[in-house]
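K.L.:
Sequence:
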Amino acid sequence: MNRELTELKSLRILPTPEAMGRVRPAIKTQTTQSNWKMNRVNLNRTRSIRQILPAALIGLYLCMSCAPEAFGAGEELLPPFGFRWNDSMAHVETVLHGAKAKIISREKKENREIWIVEGLVHPGLKRTLFTFKERSLIEVELQYEYPDRTIEWYNQRMGEIRKYFDEKYGTGKLVSRSRDTDTDVIQTLVGYQWMVGATMLELFYFSAQKGALVYRTISVDYKAL
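Start counting the sequence shown at 113; every next residue gets the next number (the working numbering).
Please keep in mind that the hints were generated in silico from the structure rather than gathered at the bench.
Check the hints yourself; a few may be wrong.
[Unchecked claim] In silico lysine to any residue, SDA-like type, Cα no more than 20 Å apart, as pairs:
#, residue 1, residue 2
1, K212, S200
2, K245, T206
3, K245, L313
4, K322, I298
5, K212, V233
6, K275, V287
7, K335, V308
8, K335, I250
9, K322, R291
10, K322, D294
11, K280, Q305
12, K335, R224
13, K214, G236
14, K322, I263
15, K335, D199
16, K245, M312
17, K245, N198
18, K214, H203
19, K212, A202
20, K275, S288
21, K280, A310
22, K280, A336
23, K214, T243
24, K245, E222
25, K221, K335
26, K221, K245
27, K285, N267
28, K335, L313
[Unchecked claim] Just the calculated beta-carbon pair ranges, DEER-fashion:
#, residue 1, residue 2, range
29, D296, I216, 27 to 33 Å
30, K220, E187, 29 to 35 Å
31, K212, T283, 35 to 41 Å
32, G231, D260, 17 to 23 Å
33, E264, T293, 20 to 26 Å
34, S200, T262, 38 to 44 Å
35, E188, D278, 15 to 21 Å
36, T206, I263, 38 to 44 Å
37, V326, K221, 25 to 31 Å
38, G271, E222, 33 to 39 Å
39, S217, T262, 29 to 35 Å
40, D296, R196, 40 to 46 Å
Even glycine gets a Cβ: it sits at the ideal position worked out from N, Cα and C.
Could you put together the complete structure from these sequences and hints?
P.N.:
Below, the structure written as structure tokens:
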């Protein structure tokens, strides 16, 4: 238990932009939480696309780096924060409680249960989604957001993360590149996928814009096959 909590608190998921020397002056994006509440109905559909956003919440926020411990050795890719595939719900909850993280919601869908967790200590991490099947861990999605960054910064960030994964796991597969302009909310989704042993790793960028309001996110999703 103590070992797991130590890993949970100290593990680096991906190197931060600061560590890579790529930080630019922030440009303030004029959005507020109340502004985004009115857009949630329009954004809910993105969850069904690739589970980029939870149904009742919006957000992602990505740092960049994966310590060897996070992915395991060789062809084994493990979920982040020292967890392992098929960890029980009880075990995951115990570790989260010890790390003072909070389970915001528990949503059951067919034979799966999804937890939305906030409070895990990691630069920029907004929330984490844990998915269980038959009470065993099968997916961990890291959601991050950079509210003060420009689209150029996001494009550069995606390029850095994709390059990192390409060098580590081989060239990723483009699985999504779409721009939806059918409504007054313009939505963009770009995603890449890597297959590493019995784990699928996915990287996504999502943005939604309505007039002067702009929302941009990045996520990293680990799925057991």
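K.L.:
Decide, hint by hint, whether the structure agrees.
P.N.:
Going down the list of hints, with the structure as the test:
1. K212 with S200: 19 Å, holds
2. K245 with T206: The hint holds at about 18 Å.
3. K245 with L313: Holds, at about 18 Å.
4. K322 with I298: Given that 20 Å is the threshold and the Cα spacing comes to 6 Å, the pair holds.
5. K212 with V233: Given pair K212, V233 holds - Cα atoms ~9 Å apart, limit 20 Å.
6. K275 with V287: Satisfied, since the Cα-Cα distance of roughly 16 Å is no more than 20 Å.
7. K335 with V308: 10 Å, holds
8. K335 with I250: The hint holds at about 6 Å.
9. K322 with R291: Satisfied, since the Cα-Cα distance of roughly 14 Å is no more than 20 Å.
10. K322 with D294: Satisfied, since the Cα-Cα distance of roughly 12 Å is no more than 20 Å.
11. K280 with Q305: Holds, at about 13 Å.
12. K335 with R224: It holds: about 13 Å lies between the C-alpha atoms, which stays within 20 Å.
13. K214 with G236: 16 Å, holds
14. K322 with I263: 15 Å, holds
15. K335 with D199: Holds, because 13 Å separates the two Cα atoms, which is no more than 20 Å.
16. K245 with M312: 16 Å, holds
17. K245 with N198: 9 Å, holds
18. K214 with H203: 15 Å, holds
19. K212 with A202: The given pair, whose Cα atoms are some 15 Å apart, holds under the 20 Å limit.
20. K275 with S288: With a Cα-Cα distance of about 17 Å, the restraint between K275 and S288 holds, given a limit of 20 Å.
21. K280 with A310: 16 Å, holds
22. K280 with A336: Holds, because 18 Å separates the two Cα atoms, which is no more than 20 Å.
23. K214 with T243: 15 Å, holds
24. K245 with E222: 9 Å, holds
25. K221 with K335: 17 Å, holds
26. K221 with K245: OK: K221 and K245 at ~10 Å, within 20 Å.
27. K285 with N267: 18 Å, holds
28. K335 with L313: Holds: K335 and L313 sit about 6 Å apart, inside 20 Å.
29. D296 with I216: 27 to 33 Å: Since D296 and I216 have Cβ atoms about 29 Å apart, the given range 27 to 33 Å holds.
30. K220 with E187: 29 to 35 Å: 33 Å, holds
31. K212 with T283: 35 to 41 Å: 39 Å, holds
32. G231 with D260: 17 to 23 Å: 21 Å Cβ-Cβ, so the 17 to 23 Å window holds.
33. E264 with T293: 20 to 26 Å: 21 Å, holds
34. S200 with T262: 38 to 44 Å: Taking Cβ atoms as reference, S200 and T262 lie about 43 Å apart, which means the hint holds.
35. E188 with D278: 15 to 21 Å: At roughly 19 Å between Cβ atoms, D278 and E188 fall inside 15 to 21 Å, so the hint holds.
36. T206 with I263: 38 to 44 Å: 41 Å, holds
37. V326 with K221: 25 to 31 Å: 30 Å, holds
38. G271 with E222: 33 to 39 Å: Holds - the Cβ-Cβ distance for G271 and E222, about 37 Å, lies within 33 to 39 Å.
39. S217 with T262: 29 to 35 Å: Holds: the Cβ-Cβ distance is about 31 Å, inside 29 to 35 Å.
40. D296 with R196: 40 to 46 Å: Since D296 and R196 have Cβ atoms about 44 Å apart, the given range 40 to 46 Å holds.
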